[in-house]
Amino acid sequence: MDTFDWIVTGAKAAFLVVILLHVVPIMAWVERRGSALIQNRLGPNRVGPLGIFQSLADAVKFIFKEDPVPGHVEPFYYVLAPLVSLVPAFMTFGVIPFASSIQLGDRMIHFQVADLNVGLLYVFSIASLGVYGIIMAGWASNNKYSMLGSLRSSSQMISYEISMGLSVIGIVMVFSSVKLGDIATQQGELLTHFGPLLLPEALQFPRWGVFVQPVGFLIFLVSVFAETNRLPFDLPEGESEIIAGYHLEYGSMKFAMFMMAEYLNMFTASGLLATLYLGGWQLFPGMGYVLHEVQAYFQMSALAGDWTRIVFEVVSFGIKVGFFMWFFVWVRWTLPRFRYDQLMDLGWKVMLPLSLANILITSVFIFFGWV
Amino acid sequence: MLVKKKKGIFQEFYLVEILKGLYITFKNLFFARKVTLQYPEERRNYSERFRGVHYIKATNGVENCTACMLCPTVCPAECIHIEAGERADKEKYPIRFEIDVLRCCFCGMCEEACPKDAIKLSSIYEMSTTYREVYDKSFLLEQRGNK
Amino acid sequence: MDISPLFFYGLAGLAIACSFWVVFNRNPVSSAFSLVLVFFSFAGIYALLDAHLIATLQILVYAGAIMVLFIFVIMLLNADIPSFDLARSHLFVKCIAGFISVLLFGLFTWVFQKSPNSRALGPFTVEAIEASGGNTQVLSELLFSEYILPFELTSILLLAAIVGAVALAKRKLAGGRF
Chain L
97 MDTFDWIVTG
107 AKAAFLVVIL
117 LHVVPIMAWV
127 ERRGSALIQN
137 RLGPNRVGPL
147 GIFQSLADAV
157 KFIFKEDPVP
167 GHVEPFYYVL
177 APLVSLVPAF
187 MTFGVIPFAS
197 SIQLGDRMIH
207 FQVADLNVGL
217 LYVFSIASLG
227 VYGIIMAGWA
237 SNNKYSMLGS
247 LRSSSQMISY
257 EISMGLSVIG
267 IVMVFSSVKL
277 GDIATQQGEL
287 LTHFGPLLLP
297 EALQFPRWGV
307 FVQPVGFLIF
317 LVSVFAETNR
327 LPFDLPEGES
337 EIIAGYHLEY
347 GSMKFAMFMM
357 AEYLNMFTAS
367 GLLATLYLGG
377 WQLFPGMGYV
387 LHEVQAYFQM
397 SALAGDWTRI
407 VFEVVSFGIK
417 VGFFMWFFVW
427 VRWTLPRFRY
437 DQLMDLGWKV
447 MLPLSLANIL
457 ITSVFIFFGW
467 V
Chain R
17 MLVKKKKGIF
27 QEFYLVEILK
37 GLYITFKNLF
47 FARKVTLQYP
57 EERRNYSERF
67 RGVHYIKATN
77 GVENCTACML
87 CPTVCPAECI
97 HIEAGERADK
107 EKYPIRFEID
117 VLRCCFCGMC
127 EEACPKDAIK
137 LSSIYEMSTT
147 YREVYDKSFL
157 LEQRGNK
Chain A
138 MDISPLFFYG
148 LAGLAIACSF
158 WVVFNRNPVS
168 SAFSLVLVFF
178 SFAGIYALLD
188 AHLIATLQIL
198 VYAGAIMVLF
208 IFVIMLLNAD
218 IPSFDLARSH
228 LFVKCIAGFI
238 SVLLFGLFTW
248 VFQKSPNSRA
258 LGPFTVEAIE
268 ASGGNTQVLS
278 ELLFSEYILP
288 FELTSILLLA
298 AIVGAVALAK
308 RKLAGGRF
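Chains as they are written, first to last, in the working numbering: chain L, 97 to 467; chain R, 17 to 163; chain A, 138 to 315.
These are calculated hints, taken from the structure and not from any lab test. Among these hints, one or two may not hold up.
[To be verified] When the alpha-carbon atoms are kept at most 30 Å apart in a straight line, the in silico DSBU-like pairs for lysine-lysine are as follows:
#, chain 1, residue 1, chain 2, residue 2
1, R, 20, R, 73
2, R, 153, R, 132
3, R, 132, L, 445
4, A, 251, L, 240
5, R, 153, R, 108
6, A, 307, R, 20
7, R, 50, L, 157
8, L, 240, L, 157
9, A, 251, L, 445
10, R, 20, L, 445
Since this is a predicted model, take the numbers as computed values, not measurements.
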């Protein structure tokens with residue numbers, strides 16, 4: 097790597113960190129306003145236009161609050177736990193591509209911080225570490241409710257990680273790569289088959305993961321909800337049973353770090369869903385036409401046209417991620433919490449066999465060359 | 017009695033039900049009337065009989081109260097303290113009239129018991145303070161009533 | 138300047154320090170957390186050797202799944218009270234434990250000293266792997282062609298273990314009726 101590469105990688109990483117840091121307050125605001133509107137309330141609307149600076153005020157409050165360490169906790173792990181849950185949340189987004197590539201001179205710049213050889217596996221391995229923060233918090237708090245929360249969290253993570261991993265195998269089989277960049281690029285092609293039927297050219301639609309792997313998409317979506325501890329599966333913090341679960345003993349910025357980790361995990365999950373199943377940075381149908389019109393209207397040079405394309409791709413990716421982020425909020429305020437045995441039943445008796453069957457059917461389809 | 021409902025295949029599948037639920041919340045999000053009252057700008061209209069901050073009615077600047085002690089007697093919270101005195105015209109009057117609002121339960125019994133129509137409860141409900149307030153006579157004599 | 142030896146010594150030192158912490162810590166949960174750190178430093182060393190897939194799998198399988206299960210079981214059984222405390226055990230047991238650890242350490246040192254330092258490289262050099270599509274592809278191709286039989290046999294072994302575990306657990310629950 098030479099200086100230019102270092103600068104480019106640094107710029108991409110800095111861009112991502114800025115985005116990630118902004119996602120948290122914005123999502124906190126969206127969550128509060130969205131939940132309020134769904135429940136026929138108005139929500140926070142006083143600080144700034146539409147209350148958008150409410151999160152800023154909250155952040156100021158979190159920072160300036162007293163930050164005591166209760167006397168009955170294990171101090172080292174108690175302080176470490178929020179960090180342990182926050183750091184993996186920041187680490188995962190690096191392998192997700194947010195736009196395609198651009199030719200600068202004789203160099204190709206990929207809009208992805210690191211195109212690792214192990215791509216998808218990296219995301220899973222780092223995401224599976226997030227649970228340590230929760231376990232550590234629950235254990236170090238020395239409180240039976242926190243302990244119950246972390247126990248629930250760890251068993252839930254393990255149960256749903258299996259079906260999540262198995263559901264993604266279908267995607268990996270279809271696109272025959274674990275690199276997220278490859279998967280996103282291949283989704284730009286057109287789907288020529290509908291099962292064994294050959295589609296006429298007018299009916300061909302993009303080969304997005306959701307069309308190729310509808311069952312896998314559903315399993316992945318549900319498992320992601322369980323992995324991020326979001327509402328139908330938020331048993332680790334079920335207020336009515338175990339008060340707040342693992343973050344019961346936490347206050348001020350330490351609590352805020354748990355919140356940040358939750359929203360960042362949500363963001364990564366949305367990015368992953370968009371990349372694997374909605375074509376990643378691929379433009380929406382029709383956006384390509386608009387792009388051509390814009391490029392022709394302003395009579396752009398090749399370089400300017402390329403940059404416009406990148407902007408379009410980033411916007412398209414952003415819309416997809418934003419949709420899933422909103423979907424997380426939407427589902428949270430629609431569905432009630434599962435009972436614990438229902439959660440386990442769903443994970444082991446429905447999701448796991450379904451994902452195994454999905455792999456089998458996918459392999460049959462691939463064998464006959466239908467996808 | 018526990019009745020096990022027979023569920024159809026669609027309900028058993030559960031996803032359709034989730035979609036229905038999502039549709040309902042989506043409708044609420046955009047099209048439902050919001051019930052929030054934007055408090056300092058908008059206020060709720062309370063009934064005429066609402067019982068808020070106390071006051072003592074006065075005619076021509078003289079309080080109607082004759083310190084007959086009916087209201088401290090009837091008060092279930094025992095929050096009214098009166099010290100009676102005598103005016104120059106031999107009329108009984110309260111030297112001290114204090115209501116411990118921290119104890120008051122706003123039941124309105126004092127209002128009902130008063131033969132002179134002196135003690136009243138107004139419809140003012142903004143009465144939060146940062147100290148333990150005891151209404152004294154001068155405060156109570158401010159005519160804030162609407163009754 | 139090549140900085141990878143520095144990384145190696147740092148990670149190796151971390152691994153050794155954490156292993157000692159695992160052994161000498163009285164608290165089982167604390168031990169388990171430091172074992173996670175040991176796995177992490179191993180993953181780092183694998184990554185330094187350009188074996189990214191192994192590094193990721195190390196984190197995914199050991200740190201992400203197995204250790205979570207370990208900690209889950211430790212917390213579920215409430216094993217915070219050390220039942221096997223070396224400090225309270227018999228002097229004879231201590232002596233045997235010390236003797237065995239010294240013996241093992243000597244054995245490992247001897248083996249590493251005796252093993253030839255410069256062996257001929259196999260066909261899978263870093264460049265060869267890079268050329269044929271990276272770690273993941275090379276490993277999976279080998280796994281599903283040349284080593285398909287051991288791979289499948291391993292999965293059957295795991296399946297047998299799962300079935301056995303379920304059978305044992307259920308028999309105890311149902312009072313022998315199963």
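Do the hints match the structure? See the list:
no.: 1; hint: 20(R) / 73(R); in the structure: 65 Å, violated
no.: 2; hint: 153(R) / 132(R); in the structure: 17 Å, holds
no.: 3; hint: 132(R) / 445(L); in the structure: 77 Å, violated
no.: 4; hint: 251(A) / 240(L); in the structure: 53 Å, violated
no.: 5; hint: 153(R) / 108(R); in the structure: 15 Å, holds
no.: 6; hint: 307(A) / 20(R); in the structure: 28 Å, holds
no.: 7; hint: 50(R) / 157(L); in the structure: 28 Å, holds
no.: 8; hint: 240(L) / 157(L); in the structure: 28 Å, holds
no.: 9; hint: 251(A) / 445(L); in the structure: 53 Å, violated
no.: 10; hint: 20(R) / 445(L); in the structure: 22 Å, holds
The structure shown violates the earlier hints numbered 1, 3, 4, 9.
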